[in-house]
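Q: Residue strings, one per chain:
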Amino acid sequence: MAEKEKMQVPVMADLAAAGKKPEFLFWVGCAGAFDDRYKKVTRAFASVLNHLKTDYAVLGTEETCTGDPARRAGNEMLFQMQALQLIELFDAYEVKKIITICPHCFNVFKNEYPELGGNYEVISYVDFLENALENGSLKPNMEHFKGVRITYHDPCYLARANDIIEPPRNILNLLGGEVVEMERNKYYALCCGAGGGQMFKEAEKGDKEVFLERTEEALKTDPAVIASACPFCMVMLTDGLKYKNREEEIKNYDIAELIALALGKN
Amino acid sequence: MIENLIFSLLLILAVLLFTKNVRRISQDILMGKKAQINDRKPQRWKTMARVAIGQSKMGSRPVSAILHIFVYVGFIVINIEMLEILIDGVFGTHRILAFLGSIYPVLISVFEILAFLVILGCVIFLIRRNILKIPRFWNKEMTTWPRSDANIILVTEILLMSSILIMNAADGLLQQSGHSHYAAVGPFLISDMMQPWFAGMSEGALVNLERASWWFHIIGVFIFLNYIPYSKHFHIFLSFPNVWYSKLDPLGKMDNMPAITNEVKMMLDPASAQETPSGDEEDIGSFGAKEVTDLTWKHLMDAYTCTECGRCTSSCPANITGKKLSPRKIVMDVRDRIEEAGVLMRKQGKDAVDDKSLFDRITEEELWACTTCNACTYECPVNIDPLAVILELRRYLVMEQASAPGEINATFSNIENNGAPWQFSHEDRVDWATK
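Protein chains in written order, with our numbering: chain A, 3 to 268; chain B, 2 to 436.
Chain A extracted, bound-state conformation:
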């Protein structure tokens, strides 16, 4: 494939130097910045932001870990170090609204930063995209996924943790997809196995990997696409599809990518 052209992505420090304050901070997250597969999702979402002419910026090289994995692995000290430094940075840029892709970043900003003095309007990209579709500012090809069987895997930190259940399904329906539910779905969805620090370590001994259990459940719906909305879920389900030798016929897409595809981007 040919080298992709460089996207125009506004960076907070540049805007600040020009005396500008964007409406939104687009928080990319570590996986969005470093995971090869998930970088594509970041590109997809940024292309939608550009398409919408959203007034946003990223922190770029100033971005750092929210501290979430440290907190959930028990290292409160490290978490708060990260959090308090970030809050200082956000204060310096007078950040008011944050859009996140990663549900773990979303959760920690929305629910846990306020107690440390960081109060923002935190918006999940799923809500942002649903809103843009519903108010008509985003007009993708509604036929793009017509008749395509899509099963949606709920990320724990969107669904159970923060009650974001229907927006991703609305998006899939609006794109014309034929949404099929797994047996365990919505509030009862099975975790992909990567939360709480598991992403960064081998699983404890057991009979089976959690990601396989979940992938098998997804395969039972006989999908053409397994959709999700979290970088860790993406890694796990992609691994699951590879393990099952189904990665050729079944695609694992993020919600943002599906919209970008229907917009003719990517």
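Everything labelled a hint here was simulated from the structure, so no lab data went into it.
C-beta: ideal position from N, C-alpha, C; glycine also.
Treat each hint with caution, since some may be false.
Stated by the list, open to error - Once the Cα atoms are required to be at most 25 Å apart in a straight line, the calculated PhoX-like pairs of lysine-lysine come out as: (1) Lys188(A) with Lys47(B); (2) Lys188(A) with Lys248(B); (3) Lys210(A) with Lys134(B); (4) Lys188(A) with Lys34(B); (5) Lys207(A) with Lys325(B); (6) Lys254(B) with Lys203(A); (7) Lys291(B) with Lys207(A); (8) Lys254(B) with Lys291(B); (9) Lys58(B) with Lys210(A); (10) Lys210(A) with Lys254(B); (11) Lys98(A) with Lys266(B); (12) Lys254(B) with Lys98(A); (13) Lys348(B) with Lys21(B); (14) Lys207(A) with Lys141(B); (15) Lys188(A) with Lys254(B); (16) Lys325(B) with Lys99(A); (17) Lys348(B) with Lys203(A).
Claimed, not checked - Listed next, with one range per pair, are the computed distances between beta-carbon atoms: (18) Lys244(A) with Ala272(B): 51 to 57 Å; (19) Gln37(B) with Glu168(A): 31 to 37 Å; (20) Glu168(A) with Gln402(B): 31 to 37 Å; (21) Ser57(B) with Pro116(A): 25 to 31 Å; (22) Thr20(B) with Lys98(A): 54 to 60 Å; (23) Leu91(A) with Ala272(B): 40 to 46 Å; (24) Ser426(B) with Glu90(A): 37 to 43 Å; (25) Ser61(B) with Asn121(A): 31 to 37 Å; (26) Glu168(A) with Ser61(B): 14 to 20 Å; (27) Leu91(A) with Ala66(B): 46 to 52 Å; (28) Lys244(A) with Asp432(B): 19 to 25 Å; (29) Glu168(A) with Gly102(B): 50 to 56 Å.
Starting from the known structure of chain A, arrange chain B on it as the hints suggest.
A: Okay, now just chain B, sitting in the frame of chain A:
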């Protein structure tokens, strides 16, 4: 009359003993750390009405939900019958509520229908546990005692309900025979159908059967009342307050540690932190939880509220895939350790310590298997939060023992040094825009 005296004595004894047991449990729970949980009262009442009284979270498993409703409604409504039994017992009256006239047989018939449904529910529950062997009742932590406890409760409830029906059937026969002591206050819906079973009995034998059933029922209730505080069945009392005090924030929100905030502020900017008062000048103590006294009283109340239904464990991704972690076991371990520590406290005073802790029951392997997915907390019908305990124990392991899996420690240093859980340079953070 001697009977009334014996009854009154038994009643007083049962109530005193129960009070003592409840006091023991509340002392145990108050071993936990202080926590102020009384904000958002209207929302708390609403949650209690919906989740505890309305049983809203039971519905995800419809069969057990319906059977449980039988037993739950039966338990509450048949308590009105208990009122009659108590008055009759103390004053030597017979069916004192019969003054209600034509409403009385309706009332008793409603009780009887419920008693029948309770028996039906309990029988099916017994079958599910012991014959169908539904897996969540047979996990590793369901050792002999938890399994027996469940069976004892179910069999007792069947016996208590049967004795009411047998008593009423005998009473009905005596009413028909015109026995002077048994005024005609019937008919009763269910027990009338049972009358043929006892039709051949003499009047004297029927009186004996009726009295024996009455005494069996009430003494059974007194014994059961004092069994419950030693049993998982204590949920019938604690479910309501436990839900009232439950977490109202999004499930994803983890408890903050303000003690650490000040330390971190001091590290980042020594000048500013000293200006901000750290609140109470309370000793910070150790971080996380090693012992039940490091958990809040609400975590301990959670442990006493658990009725070991296992919905948490059966939805836990780690447990489903054969890992050692079981959220129910965590909660049961906390409760067993509270009881152990409580005995010690009552023997040797408030500051007594033994050489044991929660870590004698809960292994690190269990704790590190958790994905913090909140399936357990979402499933719990009485809003128990096993995840909060798991995370407090992890905090102790990491911050007090520096004991985490190697890869987790590597993740920590990556975050510290590179600002990401992986070993990438922050210079590359916008590479995604190029390729």
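Q: Taken at face value, is the distance from the CA of Lys99(A) to the CA of Lys325(B) at most 25 Å?
A: Judged against 25 Å, a Cα distance of about 41 Å means the pair is violated.
Q: Just to be sure I understand the hint, the distance between the Cβ atoms of Glu168(A) and Gly102(B) should be within 50 to 56 Å; is that true here?
A: holds (55 Å)
Q: How does the Cβ-Cβ distance of Lys244(A) and Ala272(B) compare with 51 to 57 Å: does it lie in that range?
A: For Ala272(B) against Lys244(A), whose Cβ atoms are near 53 Å apart, the range 51 to 57 Å holds.
Q: Determine whether the Cβ-Cβ distance between Ser57(B) and Pro116(A) falls within the hinted range of 25 to 31 Å.
A: holds (28 Å)
Q: Starting from Lys291(B), check that the Cα of Lys207(A) is at most 25 Å away, please.
A: holds (24 Å)
Q: CA of Lys254(B) to CA of Lys98(A), is that 25 Å or under?
A: holds (21 Å)
Q: Would the hint linking Lys348(B) and Lys203(A) be met if the CA-CA limit is 25 Å?
A: Since the Cα atoms of Lys348(B) and Lys203(A) sit roughly 44 Å apart, the hinted pair is violated (cutoff 25 Å).
Q: Taking 25 Å as the top limit, are the C-alpha atoms of Lys188(A) and Lys34(B) close enough?
A: violated (35 Å)
Q: Taking the CB of Leu91(A) and the CB of Ala66(B), does the distance hold inside 46 to 52 Å?
A: holds (49 Å)
Q: Within a Cα-Cα threshold of 25 Å, do Lys188(A) and Lys248(B) meet the stated pairing?
A: Status holds; Cα separation ~20 Å.
Q: Is Lys254(B) close enough to Lys291(B), meaning Cα to Cα at most 25 Å?
A: Satisfied, since the Cα-Cα distance of roughly 22 Å is no more than 25 Å.
Q: Quickly compare the C-alpha distance for Lys207(A) and Lys141(B) to 25 Å and report which way the hint goes.
A: Holds, at about 16 Å.
Hint compliance for this structure: hints 4, 9, 10, 16, 17, 20, 23 and 24 are broken, all remaining hints hold.
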